[in-house]
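Asks: Residue strings, one per chain:
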Amino acid sequence: MSDLLNLTLAEARATLAAKDISSTELTQAYIARMEATADLNAYITTTPDKALQMAEQADARLAKGEGGALEGIPLAIKDLFCTEGVLTTAASHILDGFIPPYESTVTTNLWNAGAVLLGKTNLDEFAMGSSNVTSYYGPVENPWRSTDEPDRKRVPGGSSGGSAAAVAARSALAATGTDTGGSIRQPASFSGIVGMKPTYGRCSRWGIVAFASSLDQAGPMARTVEDAALMLQVMAGYDPKDSTSAAEAMPDLSAALNQGVKGLKIGVPAEYQVDGMPEEITKVWRQGIDWLKAEGAEIVDISLPHTKYALATYYIIAPAEASSNLARYDGVRYGLRVDGDSLAEMYANTRAAGFGEEVQRRVLVGTYVLSAGYYDAYYLKAQKVRALLRRDFDQAFETVDAILTPTAPSDAFAIGDNEDDPVKMYLNDIFTVPASLAGLPGISVPAGLSERGLPMGLQVLGRMFDEGSVVRVGRALERAADFTAVPTMVREG
Amino acid sequence: MTEPYRIQGETGEWEVVLGLEVHAQVISHAKLFSGSSTTFGAEANTQVSLVDAAMPGMLPVINRECVEQAVRTGLALKAQINLRSVFDRKNYFYADLPQGYQISQYKDPIVGEGVLLLDLPDGSTKSVGIERLHLEQDAGKSLHDQHPQKTYVDLNRSGVALMEIVSKPDLSSPEEAGLYVKKLRSILRYIGTCDGNMQEGSMRADVNVSVRKPGDPLGTRCEIKNMNSVRFIHQAIEYEARRQIEILEGGGKIDQETRLFDTGRGETRSMRSKEDAQDYRYFPDPDLLPLVLDQARVDALGAELPELPDVKKARFIADFGLSPYDAAILVEERETADWYEQLAKGRDAKIAANWLISELFGALNKAGKDLSESPVSAESLGGLVDLIGDGTISGRIAKEVFAEMFETGKAAGDIVEEKGLKQVSDTGAIEGIIDAVLAENADKVEQYRGGKDKLFGFFVGQTMKKSQGKANPGMVNDLLRQKLDG
Amino acid sequence: MSLDKATVASIANLARIKVPDDRLEAMVGDLNAILGFVEQLDAVDTAGVEPLASVTGHTLPQREDAITDGGYQARVTANAPESTHGFYVVPKVVE
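Protein chains in written order, with the numbering used here: chain L, -13 to 479; chain U, -15 to 470; chain W, 7 to 101.
Treat the hints as calculated values from the structure; they're not laboratory data.
Even for Gly, the Cβ is constructed at its ideal location relative to N, Cα and C.
Heads up, a few of these hints could be off.
What the hints assert, rightly or not - If you want the ones that stay clear, here's a sample from chain U, every Cβ over 12 Å from chain L, calculated: (1) F24; (2) R253; (3) S358; (4) K428.
As the list claims (entries may be wrong) - Short derived list, chain U residues pointing at chain W, Cβ under 10 Å: (5) S33; (6) N47; (7) R48; (8) V51; (9) S126; (10) H128; (11) Q130; (12) H131; (13) V276.
To be verified - Result set (DSBU-like, lysine-lysine): computed pairs, CA atoms no more than 35 Å apart in a straight line: (14) K410/L - K11/W; (15) K329/U - K166/U; (16) K125/U - K227/L; (17) K227/L - K74/U; (18) K24/W - K410/L; (19) K98/W - K134/U; (20) K125/U - K24/W; (21) K98/W - K125/U; (22) K350/U - K167/U; (23) K11/W - K134/U; (24) K237/U - K74/U; (25) K74/U - K11/W; (26) K91/U - K227/L; (27) K11/W - K294/L; (28) K279/L - K248/L; (29) K98/W - K209/U; (30) K166/U - K350/U; (31) K294/L - K139/L; (32) K237/U - K11/W; (33) K410/L - K74/U.
When you get a sec, could you build the whole thing from the sequences and use the hints?
Replies: This is the structure:
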């Protein structure tokens, strides 16, 4: 494995600017690594030719001293972002052969800043999942193996599992993810990397295949908090093409990064200590509290009383929106078509063949909870509980500046586990979903290894539009945790 | 008051209860949620954006003008403007509905209750309640006749803004339904929010029909979809009411359903079978936030509205002394009202109205033309009215002159001049003609003087004839009386 | 509340997803498990609570009425499984 692959994004940026290396060299190293780690199935599509072409252009700009904020940085893009002229699948059979004639706003921002596209990463189909096993293109393997079951392949988390695995395996310097109920933070935790979901409205949703519109947010997945901050600063921005886009100015995250946590009030919510949670999760959480205390933060016990209803709320709202968002996949204008004798039959055949089981389940649940006679009892009720969840946070943020919780209730499980019951799989999102429903920014930072040698992350949540505090606390945790462990496959090259 | 509309059934008289849902295409350059053009008649799928084609990840952004057009319409209907409204998704599958849902407004429409005044033929008015007005997207178009096994889909119309304007069930005859559509069309055209072109589909009506015995509670209604002419609305209601009466009188019951009017057969028929019962699963569109309007902006839009037909009609009655019936006719189209006001300016407004309504409208109708295509301008018709007013020509000659004007587009004065139609008002000249007539009909003069009064008309006729119609009829009358009775 | 096969079949029809008979039973079980899970919301007192309409508290931005898009027939039909003369083509729809 090339030494270039050990550079963080911030280091690579400096090295490129100093012309110690070229983007082409860096990109070639990543292309070689993508090939070497192809078995992880982290990518659905790789674009080496395009990458080299973009790297060459980046080098030309760097030579003239004109580089953008991410000039020459090779990135992986979750295959939920539409990329002009490059197959975009959402990991679904139903988007077979779909070549978007347009480029998403977020990726446009990245390319305008000089970034290089390595390829499109695997994910749970339509981002519906927490394990990346629902992909039509097959599961992604987490580069990490446990010490107790070293022969079992483990999930990288989901839905942004391909992005997480690619960053962890060093086959991308950083990657984009999207987070609807935890799809950036949970795989970041499982894969030992940093993942950040900004405030709802920060990153334009234009050109991102929709799962649940009121929840979907793009964000960075990277090796360090600083790298995530650098990337988010480029990805975010007001977009008049997205009616839910936020015009609030993004704080200067690089400036916020190293301000330390001295004097900050950090909330620790009692409700996140759930029954049956492994002791080592509680332990790493307590460790995080101690680290922040040692750095000068004030720890405040808080209550978020509706937390336990967040998952149920989420599993009404997200499928409801998805059932409608996915109605456009009908075999008429793009993607898969399976013929039928009538239009209705063509639809039903196409959607039966094109959607995997988990997507079908969620579309049916969503259809049901919106149907006549059930809307009030399910959907409307859920939107009311959502308001209560938000109120919990608003009240907490009257006293605290940020909230610290575990990211996930476990470390990475083995591929094939938790699949007997859909609800069991949903429990993975228990700590990430509340902030998604409330629209708040959050980050997951690797905090330590479990007894069986798998990474565990801690989550920091902030006020609406206060990404500054989130990266500040995240960076403090990162410094204190000094998480230097890497998967064996990375250590051994 | 006109007699209430009743249908005679075998068991007695029935009345109909009607409510209309009119879909009016909003006048705007671009679509409701995308920047593609709304122009009618372009080549297939050339006015389709990525948003209209519902490509993955595409998002709607609302057109301010469409919002304001809905507000203007609401204000013109004296309706409640809701400063906060919500867009919902109406979910169903159809080939020309690319998103798999229509963005519409369900629980919180932009406009609430209002009122519309019908101008009845007897000159009275009837107030019809408006239930609501909301904004929604039009669907695309499916062409079923291009291929034996295939349907072709064109999305040019997909996403064009529509206003759905829902009346209360306050209409009680086919005529009233027709008048409602005409009046609504008139208002929309006045304020420029819809062109009202029913043939091109810019205005379509769904009619809810139910029947009941006078005094009974409301019956079960059927909805007749998508009608694009007042004539079809009349026919469809008449047919549908009779159909329902026959069922009820036969001891049956009405199924609440959607029906289509078959214009060829003059019948309505059921549109969807039971198993396809729709469940639209409305919910607030999460791609859109609540639409909030500023009261000051609403007030400003209200202040910019032109004089509306009802106000104009009242003014025509008060200022010009027109009958409510004539005034209603003249104000239906803003262009007609403007035309009339130009014509009536400085002239006898009632004579002007008569000439416009009975002569020019008649001639235009016969020629199959619009007022905008009239060969006779307001100024020109005014010239004719002036010649009548100052006694240059008689009313009878004027009709002849008008026919010539309509034919050739020439000015009235020129025709009168050319043809020597100027009225003779010279006492000496008229006396000369009268003397000749009396001399030629000495026997009749004798009879008249002997008491046969009715012959007076004969002498008038003969005198006018001899003057080739040019003699001033009033003077002819006076002079004849002097000569015969004097 | 527990769904039966007929209800699930009708939901599937509404969602235009063909669920073959041999998979219906499993689907009924899955959906009931999910609905059973979400029904815990019944325990929450939401009297007088307004449903959350927007997490940012923003209202709808409005764009100017200008033609800025469209005019690219080939671009919108390029991915279509079947198209001809610029139309999308689907199996015949019988009204």
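Asks: Does each hint hold? Answer for all of them.
Replies: Right, here's what the structure says about each hint:
1. F24: holds, 23 Å
2. R253: With a cut-off of 12 Å, R253/U remains clear of chain L, as the shortest Cβ separation is near 20 Å.
3. S358: holds, 47 Å
4. K428: Fine: 86 Å to the nearest Cβ keeps K428/U off the interface.
5. S33: holds, 4 Å
6. N47: Result: holds, 5 Å to nearest chain W Cβ.
7. R48: Cβ of R48/U sits 4 Å from chain W, so the hint holds.
8. V51: Result: holds, 6 Å to nearest chain W Cβ.
9. S126: Holds. Min distance 6 Å.
10. H128: This hint holds: H128/U lies near chain W, its Cβ roughly 6 Å from the closest one there, short of 10 Å.
11. Q130: It holds, given that the least Cβ distance between Q130/U and chain W is near 8 Å, below 10 Å.
12. H131: holds, 8 Å
13. V276: holds, 4 Å
14. K410/L - K11/W: Roughly 23 Å between the alpha carbons, so the hint for K410/L and K11/W holds.
15. K329/U - K166/U: Cα-Cα ~27 Å, so holds.
16. K125/U - K227/L: With a Cα-Cα distance of about 26 Å, the restraint between K125/U and K227/L holds, given a limit of 35 Å.
17. K227/L - K74/U: The hint holds at about 22 Å.
18. K24/W - K410/L: holds, 26 Å
19. K98/W - K134/U: At roughly 4 Å apart (the allowed maximum being 35 Å), K134/U and K98/W satisfy the hint.
20. K125/U - K24/W: holds, 26 Å
21. K98/W - K125/U: The hint holds at about 13 Å.
22. K350/U - K167/U: Holds, at roughly 24 Å.
23. K11/W - K134/U: holds, 34 Å
24. K237/U - K74/U: This hinted pair holds, its Cα atoms lying about 30 Å apart.
25. K74/U - K11/W: With a Cα-Cα distance of about 26 Å, the restraint between K74/U and K11/W holds, given a limit of 35 Å.
26. K91/U - K227/L: Holds, at about 26 Å.
27. K11/W - K294/L: Holds: K11/W and K294/L sit about 31 Å apart, inside 35 Å.
28. K279/L - K248/L: holds, 9 Å
29. K98/W - K209/U: OK: K98/W and K209/U at ~22 Å, within 35 Å.
30. K166/U - K350/U: Holds - the C-alpha atoms of K350/U and K166/U are around 21 Å apart, at most 35 Å.
31. K294/L - K139/L: With a Cα-Cα distance of about 31 Å, the restraint between K294/L and K139/L holds, given a limit of 35 Å.
32. K237/U - K11/W: holds, 32 Å
33. K410/L - K74/U: It holds: about 32 Å lies between the C-alpha atoms, which stays within 35 Å.
Taken one by one, the earlier hints all hold for this structure without exception.
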